[in-house]
Amino acid sequence: MTIINTDILVVGAGGAGLRAALSARESAPELKVTVISRGEPGKHGVTATACSDRMAFHVSFPQSGQHLTESWRAHAIDIYAGGCYVSDPNLAELLAKESADAFYRLANLGVAFAMGPGKLPMQFITDGSRAPRACYTGPYTARDIEKALIDAVGQTDIQIIGNLALASLILNPKGEISSALCISDETDEWLTVNAKAVIIATGGPGSIFEHSVFPDRMDASAWWAALRAGATLVNLEFIQFGLSSTETSLACSGSMMRALPMLRNEKGRDLLEDVMKIAPESDPVELLFNKGSSWPVSAESSTHAVDVAVHRAIERGEDVFLDYSRNPDFVDAAYLNKMFPEIVNKWYTDRSILLRANGQPVIPYDRLEKINPQVIYWFREHGIDLKATPVR
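In terms of numbering that gives the first Met the number 0, the sequence shown is numbered consecutively and its last residue is 391.
Everything labelled a hint here was simulated from the structure, so no lab data went into it.
Note that the structure is a prediction, hence the values are computed from the model and not measured.
Worth double-checking, as some hints may not be accurate.
[Said to hold, decoys possible] Quick list of the computed label-pair ranges, beta carbon to beta carbon:
#, residue 1, residue 2, range
1, W189, S324, 48 to 58 angstroms
2, Y376, M0, 45 to 55 angstroms
3, G174, Y376, 31 to 41 angstroms
4, G174, I277, 45 to 55 angstroms
[As the list claims (entries may be wrong)] Within a straight-line C-alpha distance of at most 25 angstroms, the following computed SDA-like cross-link-like pairs (lysine to any residue) qualify:
#, residue 1, residue 2
5, K173, I238
6, K369, P295
7, K96, S70
8, K42, E175
9, K195, T33
10, K96, I238
11, K31, I238
C-beta atoms are modelled at their ideal positions from N, C-alpha and C, and glycine is treated no differently.
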(Lines of atoms letter the chains of each structure in order from A; the text may use other names.)
(Lines give C-alpha, C1' and ligand atoms only; values in the text may rest on other atoms or scores of the structure.)
Protein backbone atom coordinates (compact mmCIF):
# COMPACT_ATOMS: atom_id res chain seq x y z
CA MET A 0 0.00 0.00 0.00
CA THR A 1 1.28 3.45 -0.93
CA ILE A 2 1.78 5.82 2.01
CA ILE A 3 1.95 9.62 1.73
CA ASN A 4 2.99 11.88 4.59
CA THR A 5 1.71 15.45 4.82
CA ASP A 6 0.88 18.05 7.44
CA ILE A 7 -2.49 19.21 6.12
CA LEU A 8 -4.78 17.11 3.94
CA VAL A 9 -7.55 18.91 2.04
CA VAL A 10 -10.24 16.64 0.64
CA GLY A 11 -11.83 18.24 -2.42
CA ALA A 12 -10.40 20.43 -5.19
CA GLY A 13 -13.31 22.76 -5.83
CA GLY A 14 -13.53 26.40 -4.80
CA ALA A 15 -13.63 25.59 -1.08
CA GLY A 16 -10.80 23.05 -1.13
CA LEU A 17 -8.41 25.08 -3.27
CA ARG A 18 -9.05 28.21 -1.22
CA ALA A 19 -8.44 26.25 1.98
CA ALA A 20 -5.19 24.84 0.61
CA LEU A 21 -3.96 28.30 -0.39
CA SER A 22 -4.87 29.71 3.03
CA ALA A 23 -3.05 26.89 4.80
CA ARG A 24 0.01 27.44 2.64
CA GLU A 25 0.00 31.19 3.29
CA SER A 26 -0.59 30.84 7.04
CA ALA A 27 2.11 28.22 7.57
CA PRO A 28 4.48 28.02 4.58
CA GLU A 29 6.71 25.57 6.43
CA LEU A 30 3.94 22.94 6.41
CA LYS A 31 3.26 20.48 3.61
CA VAL A 32 -0.23 20.76 2.12
CA THR A 33 -1.82 17.99 0.05
CA VAL A 34 -5.13 18.11 -1.85
CA ILE A 35 -6.97 15.01 -3.06
CA SER A 36 -9.83 15.06 -5.54
CA ARG A 37 -12.21 12.66 -7.24
CA GLY A 38 -11.73 13.11 -10.96
CA GLU A 39 -9.20 15.41 -12.58
CA PRO A 40 -8.58 18.57 -10.51
CA GLY A 41 -9.89 21.65 -12.28
CA LYS A 42 -12.14 19.65 -14.60
CA HIS A 43 -14.31 17.56 -12.28
CA GLY A 44 -16.56 18.51 -9.40
CA VAL A 45 -19.25 21.14 -8.90
CA THR A 46 -17.14 24.31 -9.10
CA ALA A 47 -15.45 23.13 -12.28
CA THR A 48 -18.69 22.17 -14.04
CA ALA A 49 -21.54 24.29 -12.63
CA CYS A 50 -23.26 26.72 -15.01
CA SER A 51 -26.31 28.95 -15.07
CA ASP A 52 -27.45 31.84 -17.22
CA ARG A 53 -25.34 34.02 -14.94
CA MET A 54 -23.62 31.97 -12.28
CA ALA A 55 -23.68 34.00 -9.06
CA PHE A 56 -20.94 34.83 -6.57
CA HIS A 57 -22.62 36.72 -3.72
CA VAL A 58 -20.88 39.79 -2.29
CA SER A 59 -21.83 42.62 0.06
CA PHE A 60 -19.55 45.62 -0.40
CA PRO A 61 -18.81 48.28 2.26
CA GLN A 62 -19.07 51.24 -0.10
CA SER A 63 -22.35 52.84 -1.10
CA GLY A 64 -23.56 53.19 -4.66
CA GLN A 65 -26.31 52.22 -7.01
CA HIS A 66 -26.08 48.52 -6.21
CA LEU A 67 -23.94 48.48 -3.07
CA THR A 68 -26.07 49.98 -0.35
CA GLU A 69 -26.39 47.42 2.42
CA SER A 70 -24.11 45.96 5.04
CA TRP A 71 -22.73 42.48 5.41
CA ARG A 72 -25.07 42.01 8.38
CA ALA A 73 -28.14 42.10 6.13
CA HIS A 74 -26.36 39.65 3.85
CA ALA A 75 -25.69 37.30 6.77
CA ILE A 76 -29.32 37.48 7.87
CA ASP A 77 -30.47 36.50 4.38
CA ILE A 78 -28.09 33.52 4.33
CA TYR A 79 -29.25 32.41 7.77
CA ALA A 80 -32.94 32.92 6.95
CA GLY A 81 -32.47 31.02 3.70
CA GLY A 82 -31.49 28.02 5.80
CA CYS A 83 -34.71 28.36 7.84
CA TYR A 84 -32.58 29.49 10.80
CA VAL A 85 -31.12 26.03 11.37
CA SER A 86 -27.89 26.65 9.44
CA ASP A 87 -24.68 27.72 11.14
CA PRO A 88 -25.01 31.44 12.04
CA ASN A 89 -21.26 31.80 12.51
CA LEU A 90 -20.61 30.52 9.01
CA ALA A 91 -23.36 32.76 7.58
CA GLU A 92 -21.71 35.77 9.22
CA LEU A 93 -18.26 34.75 7.98
CA LEU A 94 -19.45 34.25 4.40
CA ALA A 95 -21.06 37.70 4.34
CA LYS A 96 -18.40 39.61 6.26
CA GLU A 97 -15.51 38.30 4.16
CA SER A 98 -17.32 38.24 0.81
CA ALA A 99 -15.82 41.53 -0.42
CA ASP A 100 -12.28 40.39 0.43
CA ALA A 101 -12.94 37.11 -1.39
CA PHE A 102 -14.22 39.01 -4.43
CA TYR A 103 -11.14 41.20 -4.71
CA ARG A 104 -8.84 38.25 -4.11
CA LEU A 105 -10.45 36.36 -6.98
CA ALA A 106 -10.36 39.45 -9.18
CA ASN A 107 -6.65 39.80 -8.47
CA LEU A 108 -6.20 36.16 -9.47
CA GLY A 109 -7.73 36.94 -12.85
CA VAL A 110 -11.47 36.30 -12.49
CA ALA A 111 -13.03 38.85 -14.88
CA PHE A 112 -16.19 39.83 -13.02
CA ALA A 113 -18.62 42.03 -14.97
CA MET A 114 -18.13 45.70 -14.10
CA GLY A 115 -20.52 48.61 -14.55
CA PRO A 116 -20.32 52.41 -14.44
CA GLY A 117 -17.66 53.77 -12.11
CA LYS A 118 -15.89 50.39 -12.28
CA LEU A 119 -18.30 49.01 -9.70
CA PRO A 120 -19.17 45.31 -9.90
CA MET A 121 -22.46 44.57 -11.63
CA GLN A 122 -24.87 42.72 -9.33
CA PHE A 123 -28.37 41.27 -9.49
CA ILE A 124 -30.93 39.69 -7.17
CA THR A 125 -31.13 35.90 -6.92
CA ASP A 126 -30.93 32.98 -4.46
CA GLY A 127 -33.29 34.53 -1.92
CA SER A 128 -31.41 37.82 -1.54
CA ARG A 129 -33.43 40.95 -0.80
CA ALA A 130 -30.96 43.17 -2.63
CA PRO A 131 -28.56 42.84 -5.60
CA ARG A 132 -25.53 40.87 -4.39
CA ALA A 133 -24.77 38.40 -7.17
CA CYS A 134 -21.56 39.15 -9.07
CA TYR A 135 -20.77 37.19 -12.22
CA THR A 136 -18.60 36.71 -15.28
CA GLY A 137 -21.38 34.97 -17.23
CA PRO A 138 -22.52 31.34 -17.45
CA TYR A 139 -19.00 30.17 -16.51
CA THR A 140 -18.47 32.16 -13.28
CA ALA A 141 -17.79 29.00 -11.25
CA ARG A 142 -15.43 27.60 -13.86
CA ASP A 143 -13.58 30.90 -14.06
CA ILE A 144 -13.12 30.81 -10.28
CA GLU A 145 -11.92 27.19 -10.42
CA LYS A 146 -9.37 27.98 -13.12
CA ALA A 147 -8.02 31.00 -11.23
CA LEU A 148 -7.59 28.95 -8.05
CA ILE A 149 -6.02 25.99 -9.89
CA ASP A 150 -3.53 28.36 -11.50
CA ALA A 151 -2.75 29.93 -8.11
CA VAL A 152 -2.18 26.52 -6.51
CA GLY A 153 0.04 25.57 -9.44
CA GLN A 154 2.40 28.40 -8.52
CA THR A 155 3.01 26.86 -5.08
CA ASP A 156 4.41 23.57 -3.81
CA ILE A 157 0.93 22.33 -2.82
CA GLN A 158 0.56 18.70 -3.90
CA ILE A 159 -2.66 17.76 -5.77
CA ILE A 160 -3.63 14.14 -6.35
CA GLY A 161 -6.57 13.45 -8.65
CA ASN A 162 -8.91 10.46 -9.05
CA LEU A 163 -8.66 9.63 -5.37
CA ALA A 164 -11.63 9.12 -3.04
CA LEU A 165 -11.58 9.33 0.74
CA ALA A 166 -12.91 6.08 2.20
CA SER A 167 -12.24 6.42 5.93
CA LEU A 168 -10.53 8.60 8.52
CA ILE A 169 -8.28 6.73 10.95
CA LEU A 170 -8.18 7.76 14.63
CA ASN A 171 -5.24 7.37 17.00
CA PRO A 172 -5.68 6.09 20.59
CA LYS A 173 -6.47 9.65 21.73
CA GLY A 174 -9.41 9.84 19.34
CA GLU A 175 -7.61 12.26 17.03
CA ILE A 176 -7.48 11.87 13.27
CA SER A 177 -4.05 10.62 12.26
CA SER A 178 -4.51 9.45 8.68
CA ALA A 179 -6.91 8.99 5.80
CA LEU A 180 -7.58 5.76 3.94
CA CYS A 181 -8.20 6.48 0.24
CA ILE A 182 -8.93 4.49 -2.91
CA SER A 183 -8.02 5.26 -6.49
CA ASP A 184 -10.97 5.70 -8.86
CA GLU A 185 -8.73 4.53 -11.72
CA THR A 186 -6.91 1.48 -10.33
CA ASP A 187 -8.87 0.59 -7.15
CA GLU A 188 -5.52 0.75 -5.33
CA TRP A 189 -5.66 1.63 -1.64
CA LEU A 190 -3.54 4.51 -0.37
CA THR A 191 -2.93 5.96 3.09
CA VAL A 192 -2.30 9.65 3.74
CA ASN A 193 -0.82 10.41 7.15
CA ALA A 194 -1.84 13.95 8.16
CA LYS A 195 -1.84 16.14 11.26
CA ALA A 196 -5.03 17.89 10.15
CA VAL A 197 -7.76 17.07 7.63
CA ILE A 198 -10.08 19.60 5.98
CA ILE A 199 -13.25 18.24 4.37
CA ALA A 200 -14.19 20.47 1.42
CA THR A 201 -16.18 18.18 -0.85
CA GLY A 202 -19.52 18.60 -2.58
CA GLY A 203 -22.87 17.20 -1.55
CA PRO A 204 -24.48 13.80 -2.24
CA GLY A 205 -25.91 14.63 -5.65
CA SER A 206 -25.84 11.00 -6.73
CA ILE A 207 -28.53 10.03 -4.22
CA PHE A 208 -31.14 12.02 -6.16
CA GLU A 209 -32.93 10.57 -9.19
CA HIS A 210 -32.80 13.93 -10.98
CA SER A 211 -29.59 15.86 -10.44
CA VAL A 212 -27.21 18.18 -12.30
CA PHE A 213 -24.28 17.14 -10.13
CA PRO A 214 -21.32 15.60 -11.98
CA ASP A 215 -20.84 11.86 -11.60
CA ARG A 216 -19.27 10.31 -8.50
CA MET A 217 -20.71 13.02 -6.24
CA ASP A 218 -21.70 10.66 -3.43
CA ALA A 219 -20.40 12.71 -0.47
CA SER A 220 -18.16 9.83 0.62
CA ALA A 221 -16.01 12.30 2.55
CA TRP A 222 -19.07 13.39 4.54
CA TRP A 223 -19.77 9.83 5.63
CA ALA A 224 -16.12 9.29 6.55
CA ALA A 225 -16.19 12.44 8.69
CA LEU A 226 -19.45 11.42 10.37
CA ARG A 227 -18.08 7.98 11.19
CA ALA A 228 -15.04 9.68 12.72
CA GLY A 229 -17.27 11.75 15.02
CA ALA A 230 -17.75 15.02 13.11
CA THR A 231 -21.02 16.93 13.43
CA LEU A 232 -23.05 17.63 10.29
CA VAL A 233 -24.24 21.21 9.70
CA ASN A 234 -25.65 23.10 6.71
CA LEU A 235 -27.14 20.06 4.96
CA GLU A 236 -30.00 22.37 3.96
CA PHE A 237 -27.62 24.25 1.66
CA ILE A 238 -28.51 21.68 -1.02
CA GLN A 239 -30.55 23.54 -3.64
CA PHE A 240 -33.51 22.43 -5.74
CA GLY A 241 -34.44 24.36 -8.86
CA LEU A 242 -35.30 24.27 -12.55
CA SER A 243 -32.34 22.96 -14.54
CA SER A 244 -31.61 21.67 -18.03
CA THR A 245 -31.33 17.88 -17.94
CA GLU A 246 -29.35 17.81 -21.20
CA THR A 247 -26.72 20.40 -20.25
CA SER A 248 -26.96 20.63 -16.41
CA LEU A 249 -27.38 24.41 -16.68
CA ALA A 250 -29.44 26.04 -13.91
CA CYS A 251 -32.33 27.82 -15.64
CA SER A 252 -32.51 30.93 -13.50
CA GLY A 253 -32.41 34.70 -13.89
CA SER A 254 -32.74 35.90 -17.45
CA MET A 255 -34.03 32.54 -18.66
CA MET A 256 -37.22 33.11 -16.68
CA ARG A 257 -37.38 36.89 -17.05
CA ALA A 258 -37.61 36.38 -20.80
CA LEU A 259 -41.04 34.85 -20.03
CA PRO A 260 -40.78 31.56 -21.95
CA MET A 261 -43.64 29.10 -22.29
CA LEU A 262 -43.46 26.42 -19.61
CA ARG A 263 -45.04 23.42 -21.31
CA ASN A 264 -45.17 19.65 -21.48
CA GLU A 265 -44.28 17.49 -24.48
CA LYS A 266 -47.80 17.88 -25.88
CA GLY A 267 -47.56 21.67 -25.85
CA ARG A 268 -49.88 22.25 -22.89
CA ASP A 269 -49.09 25.49 -21.02
CA LEU A 270 -48.17 24.45 -17.46
CA LEU A 271 -48.86 27.94 -16.14
CA GLU A 272 -52.43 26.65 -15.82
CA ASP A 273 -51.16 24.20 -13.18
CA VAL A 274 -49.06 26.93 -11.57
CA MET A 275 -52.11 29.14 -11.12
CA LYS A 276 -54.03 26.35 -9.40
CA ILE A 277 -51.28 26.30 -6.78
CA ALA A 278 -51.04 30.11 -6.47
CA PRO A 279 -54.48 31.36 -7.62
CA GLU A 280 -54.08 34.85 -6.14
CA SER A 281 -50.86 35.60 -8.04
CA ASP A 282 -50.53 37.29 -11.40
CA PRO A 283 -49.28 34.57 -13.80
CA VAL A 284 -46.98 36.87 -15.79
CA GLU A 285 -45.49 38.41 -12.64
CA LEU A 286 -45.07 34.95 -11.10
CA LEU A 287 -43.12 33.65 -14.09
CA PHE A 288 -41.07 36.85 -14.24
CA ASN A 289 -40.21 36.77 -10.52
CA LYS A 290 -39.07 33.16 -10.83
CA GLY A 291 -35.96 34.68 -12.38
CA SER A 292 -34.86 36.10 -9.02
CA SER A 293 -36.01 33.23 -6.80
CA TRP A 294 -33.90 30.30 -7.96
CA PRO A 295 -33.64 27.86 -6.16
CA VAL A 296 -37.11 27.02 -4.88
CA SER A 297 -38.10 28.81 -1.68
CA ALA A 298 -41.31 28.30 0.28
CA GLU A 299 -41.19 31.97 1.28
CA SER A 300 -41.78 33.05 -2.34
CA SER A 301 -45.03 32.46 -4.22
CA THR A 302 -42.85 31.43 -7.18
CA HIS A 303 -42.44 28.03 -5.52
CA ALA A 304 -45.69 27.24 -7.36
CA VAL A 305 -43.65 26.98 -10.57
CA ASP A 306 -41.31 24.38 -9.07
CA VAL A 307 -44.19 22.42 -7.54
CA ALA A 308 -46.08 22.36 -10.85
CA VAL A 309 -42.98 21.14 -12.69
CA HIS A 310 -42.34 18.45 -10.08
CA ARG A 311 -45.93 17.22 -10.28
CA ALA A 312 -45.77 17.09 -14.08
CA ILE A 313 -42.58 15.01 -13.93
CA GLU A 314 -44.21 12.72 -11.36
CA ARG A 315 -47.08 12.21 -13.83
CA GLY A 316 -44.53 11.04 -16.38
CA GLU A 317 -44.56 14.21 -18.46
CA ASP A 318 -41.54 15.88 -20.02
CA VAL A 319 -41.29 19.58 -19.15
CA PHE A 320 -39.76 22.25 -21.38
CA LEU A 321 -38.93 25.94 -21.44
CA ASP A 322 -39.97 27.02 -24.94
CA TYR A 323 -38.48 30.28 -26.21
CA SER A 324 -40.25 30.13 -29.56
CA ARG A 325 -43.70 30.66 -28.06
CA ASN A 326 -45.26 33.02 -25.56
CA PRO A 327 -47.21 31.55 -22.66
CA ASP A 328 -50.97 31.85 -23.09
CA PHE A 329 -51.12 34.27 -20.17
CA VAL A 330 -48.50 36.55 -21.75
CA ASP A 331 -50.55 36.81 -24.94
CA ALA A 332 -53.66 37.52 -22.88
CA ALA A 333 -51.86 40.18 -20.84
CA TYR A 334 -50.70 41.83 -24.06
CA LEU A 335 -54.16 41.81 -25.63
CA ASN A 336 -55.72 43.26 -22.49
CA LYS A 337 -52.81 45.70 -21.95
CA MET A 338 -52.41 44.34 -18.43
CA PHE A 339 -48.72 43.55 -18.05
CA PRO A 340 -47.81 43.92 -14.35
CA GLU A 341 -46.05 47.18 -13.52
CA ILE A 342 -42.92 45.40 -12.29
CA VAL A 343 -42.57 43.63 -15.65
CA ASN A 344 -43.24 46.74 -17.72
CA LYS A 345 -40.74 48.82 -15.72
CA TRP A 346 -38.01 46.19 -15.82
CA TYR A 347 -38.24 45.86 -19.59
CA THR A 348 -38.59 49.61 -20.15
CA ASP A 349 -35.51 50.35 -18.01
CA ARG A 350 -33.51 48.04 -20.28
CA SER A 351 -35.03 49.27 -23.55
CA ILE A 352 -36.40 45.81 -24.28
CA LEU A 353 -39.59 45.61 -26.32
CA LEU A 354 -42.49 43.48 -25.19
CA ARG A 355 -44.19 44.04 -28.52
CA ALA A 356 -43.22 44.99 -32.06
CA ASN A 357 -45.41 45.89 -35.05
CA GLY A 358 -48.44 45.54 -32.84
CA GLN A 359 -47.62 41.97 -31.79
CA PRO A 360 -45.84 40.53 -28.74
CA VAL A 361 -42.26 39.48 -29.45
CA ILE A 362 -41.28 35.89 -28.72
CA PRO A 363 -39.27 34.93 -25.61
CA TYR A 364 -36.15 34.22 -27.69
CA ASP A 365 -36.01 37.84 -28.86
CA ARG A 366 -36.37 39.06 -25.29
CA LEU A 367 -33.65 36.70 -24.05
CA GLU A 368 -31.34 37.83 -26.85
CA LYS A 369 -31.59 41.38 -25.50
CA ILE A 370 -31.36 40.42 -21.84
CA ASN A 371 -28.53 37.87 -21.94
CA PRO A 372 -27.10 36.86 -25.34
CA GLN A 373 -24.34 34.93 -23.55
CA VAL A 374 -26.73 32.17 -22.51
CA ILE A 375 -28.01 31.84 -26.08
CA TYR A 376 -24.42 31.35 -27.28
CA TRP A 377 -23.81 28.91 -24.43
CA PHE A 378 -26.71 26.67 -25.48
CA ARG A 379 -25.66 26.93 -29.12
CA GLU A 380 -22.19 25.68 -28.17
CA HIS A 381 -23.92 22.72 -26.52
CA GLY A 382 -25.96 21.89 -29.62
CA ILE A 383 -29.24 23.61 -28.73
CA ASP A 384 -30.71 26.46 -30.78
CA LEU A 385 -33.15 28.11 -28.36
CA LYS A 386 -35.07 29.69 -31.22
CA ALA A 387 -36.03 26.27 -32.57
CA THR A 388 -35.47 23.79 -29.74
CA PRO A 389 -37.02 23.96 -26.25
CA VAL A 390 -34.96 23.32 -23.12
CA ARG A 391 -35.92 20.11 -21.37
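- Any of the earlier hints contradicted here, and which numbers? 3, 5, 8 and 11
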